[in-house]
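Peer 1: Make a model of the complete structure from these sequences and hints.
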Amino acid sequence: MKGLHIQGLSHSYGDNKVLDNAGLIVPAGELVCMLGPSGCGKSTLLRLAAGLEKVQHGKIIIDDVTVGSADVHLPPEKRHIGLMFQDYALFPHLNVIDNVTFGLLDMAPDKARLLAMDMLTQVGMAAQSDKFPHMLSGGQQQRVALARALAPEPKLLLLDEPFSGLDTNLRETIREETLSVLKNSGVATLMVTHDPEEAMFMADRIKIIGANGHILQAGRPHEIYYHPTHEFVARLFGMMNRFEGVAADGQVETPLGAVATDLADGTPAEVLIRPEGVILGTSDNNQGTTVEVTSSHLMGHDNIVRVRLGNGEGEDLHVRVHHTFEAELKESFSCRLDHEYAFVFPLDAESEYTNTELMDAPTSEEISAAGE
Amino acid sequence: MTATTTAKMADGANRVSLSWFNGWTIGTVLVAMIAVLPIAAVVYISMTPSDDIWQHLVDTVLGLYISTTLYLMIGVGLGTLVIGVSTAWLVSMCRFPGKRIFEWALLLPMAMPAYVIAYLYTDILEYAGPVQAMLRDIFGWTTKREYWFPEIRSLGGAISMLTLVLYPYVYLLSRAAFMEQSVCVLEASRVLGRGPVRSFFSVALPLARPSIIIGISLVLMETLNDFGTVDFFAVSTFTLGIYDVWLNMNNVAGAAQLALVLLAFVSVLVLSERFARRKKKFHHTTTTYRALPGYLLQGRAKTLAILACALPVLFGFVLPAGVLASYSVIHFDVAMNTDFLDHAFNSLMLSSLAAGLAVAIGIFMAYGVRLRNERLLKVMVRLASLGYAIPGAVLAVGVLVTLGTIDNGIDGFMRQTFNISTGLLLSGTIAAVTFGYLVRFLALSFGSIEASLGKITPSMDGAARSLGHGAFSTLQKVHLPMIRGAILTASMMVFVDCMKELPLTVILRPFNFHTLATFVHQYASDEQLGEASLAALSIVGFGILPVIILSLAISRSRPGHEQGDEA
Amino acid sequence: MVELSEDFKLQYEALDSDHQKLVEMVNEISGMLDEGCAEDCKAKVVEFINFTKAHFAREEQLLTKSGYPNVENHSRHHKALDKKMDHLLEFASMVTVNELACDSLKKELVFFVMDDVISSDLDFKSFLENIPS
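Chains as they are written, first to last, in this note's numbering: chain G, 1 to 372; chain L, 1001 to 1567; chain A, 2001 to 2133.
Honestly, the hints are just simulated from the structure, not real lab data. Glycine residues also receive a C-beta, built at the ideal position from the N, C-alpha and C atoms. Don't take every hint at face value.
Claimed, not checked - Restraint ranges, calculated between C-beta atoms of paired labels, are given here:
1. A:2075 with G:316: 38 to 48 angstroms
2. G:135 with L:1409: 55 to 65 angstroms
3. G:118 with A:2067: 50 to 60 angstroms
4. A:2130 with G:71: 58 to 68 angstroms
Said to hold, decoys possible - Here are the simulated lysine-lysine pairs, DSS-like style, with alpha carbons at most 25 angstroms apart:
5. G:2 with A:2106
6. A:2107 with G:59
7. A:2107 with A:2009
8. A:2065 with A:2053
9. G:78 with G:2
10. A:2021 with G:2
11. G:155 with G:59
12. G:131 with L:1455
13. G:2 with A:2125
14. G:78 with L:1477
15. A:2009 with G:2
16. G:131 with L:1477
17. G:59 with G:78
18. G:54 with A:2053
19. G:155 with A:2044
20. A:2042 with A:2065
21. G:2 with A:2107
22. L:1455 with L:1279
23. A:2107 with G:155
24. A:2125 with G:17
25. L:1279 with G:54
26. L:1378 with G:111
27. A:2079 with A:2107
28. G:183 with A:2106
29. G:59 with A:2125
30. G:111 with G:155
31. A:2106 with G:155
32. L:1378 with L:1455
33. A:2009 with G:59
34. G:155 with G:78
35. A:2107 with G:183
36. G:78 with G:131
37. A:2125 with A:2053
38. L:1477 with G:155
Peer 2: Below you can see the structure in the form of structure tokens.
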């Protein structure tokens, strides 16, 4: 198979296991994204694929050739890969065009120059070919780094958090441009990121890697978001409303209504509901549960409304509503569930996967920051 | 589809056991081994004495050596502490006329080898010198017995000389520490009701302590290394003792035993330096660069501050350099007649050779460690850079013993197999001197190259490697151009230190071979300062180079500060 | 076109031939979509899914019989793929009217076969080496 094939990769630093039997494939022309919290070993996986570190256990195969395993190590310069770093790593002593031709070793200089100019034109940087990296903005540096990585026509492109250095507005533009350049080139691309939104936007397939270096789920962005098979995966995309219960008759009761499950009866379970899965309605019709508004925070297009269950006595829920929905403090609503956004997981789910603070913290902070 | 059971293995892939960068590891280990040889030799020889001179040494001179060395260390330590820290605090925290000049001028005495000012001050202050002559004229004394004048050729004299030229180490490091201190911390202290002086003692000084300790450790290592001054002043320190036991008593083992005791002193210094460096990492917290408070000094405080900064520069550099310059002019013809050009050529040649090699090896080791971040390599590299702490006289013993052994080995082998006697191939050659220089100054080049390589993010390596460049090509095309400045600085530092180096050169040089330093030593010891003046002035001239670089580096290291002052 | 290269083989004839068949079916479906025979594609996808399920059953039986210790985990993994097969079917019913769905189906089939099915079977490759085929 053309592209990258990783088999049973495990890696430890001392006693710390960062990768545990990780496997993946990236066919030519596809973009696969490893998504996971910081320190979960996704960068290690990238470094192993690049040959910057030696494989301890497992196998790395590029275009049907084993380039790394416990007893084979092909140095990075012989792997024909492109590598793009978070900090772009442009050579400061070389100008843009020399940076791009740096990898065109076996080519006649004038031919290399032509090819490099062509790459720069593709990323919209041809006009800056004489400039030095320190004269470029972050977005421009990113484009040059992309051109440099793609110029030698690598068999595989590895991207390490390629957009995290850019500010929000620029990030979206660059993301789109990068994606179209990558699709044009038809290269197999493996990207690692901790930003779920970025992964969803870019990837044909997302691989979720947990804090213990284990791959938890793989699938299309849609699958990952709407059918998480793991509590950890569900929590990746922001805060969740959580209830505990016990499976009975193929469902778990929550204050918002029962949620279907295939867990065996009597299994302790937790129900996670995305904020958009809670639907508020007028409290007159007496359907659903009554909740009372405690606060409201504008999040751009949406509002996050905090409501309290049980006439203002019970637990707090987060509800995502359209920004035009102006809630009044202490206003009462009836509240029901959109089952598409409600997920049931066994409660005793291996506690090793539940280290979700890293992913949860920013979002809840965002909420309070917006509120205060 | 073929039915082979094993996957294809890539062309150019290596079995891990024969990995491609082992060359760097082996090389680094080898270099470290060679660099450690002289030190190991000293230890070995001292453990296996041919005749037992140790008891004799203990009975006669050892006590004297120990006490003299200790007094010298205490004296120089205190002297450099007071001068270094106080001037550093004044120029970094206060505002007074001339501050901008003192900032760099206070470094100038670094350019003066201690032995040069020792000869000069002896010349000026001895009985026949201009100062005492003037005093006799004024007061009408005629004989030495009629008045008291401090004897310059004494322990006190040696302490003063060494203090005058070594305080810049303490100044440099404590100044850097004061500059790094967060303004906020100092302002907080002042807001909490502490005045400048109390803030200094309760906040600034404790925060700078690790840096000051590093400075003092370096000063004391240089003190132990000094040979020219103590030799000229006949102050019986260990360094002098080693020289004496070895060359006058002709007892290598005894010299090695003394050297071992000296190494004990040194290891205390090395340990305290390392410890302080580790501690420094904790202290360095904020990076908020803002103009430091700058207490405006007025009246008596202003005068005192100016004096405190001016005197060390005056006595440590301006006066001796001035005298030296005037002697050079007066005695120019005599000085030129002493084969000055030959000696200058020897110095330049040896120093360039050593600097080039030290930098090349330094790059090799620093890149080796970067490629392969392994404990073994790190330990090896530490060992290889031990030389900076080892006094020249000790190293010289080690180098001679090592090379002697190698020479005898080769000679024996050649005699046995070819019946040819090769004699001494390495001992007493330029190669021996260069080897000594390398062992002593490798740490200097390695340290600054490693530091500057450390500033290049590892993703640069990753990028270059993934673009098809091997380890060596990456070094050549990416790292070397990026650390050009550090390479230049490192080679210059080593170059200048080699120019100034005395004890190693005196002991290891070929017969009748002079560098500027050994020439100055020989003539000035004979009180023929006029003949030696031009050579001495040249050494000082080269010595100014690193001072310039250092002062430029200081002013660059704190961008906010510089702009604030310039505006 | 995907091919079952050496690195994906278990060196266990019964399973490898199943995998080979799956890969061939994926290529066939892709080919149909490329040649504009999208109408017939749904039936082929149904066939593919049925074959996959049968393969899962055969595999689990083999693993249980030969005492593979992680057989429970693996059958759980198979079960989790049910949802994915539902999605494949959904895409397949849309290919005639939706070009994006057509793309997605091709992609998903490749990932499904190569990553979800075959790659994860490689976990017991070393186990199979020690039992006769």
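Peer 1: Find the hints from earlier in the document that the structure breaks and name them by number, from lowest to highest.
Peer 2: 4, 18, 19, 20, 25, 26 and 36
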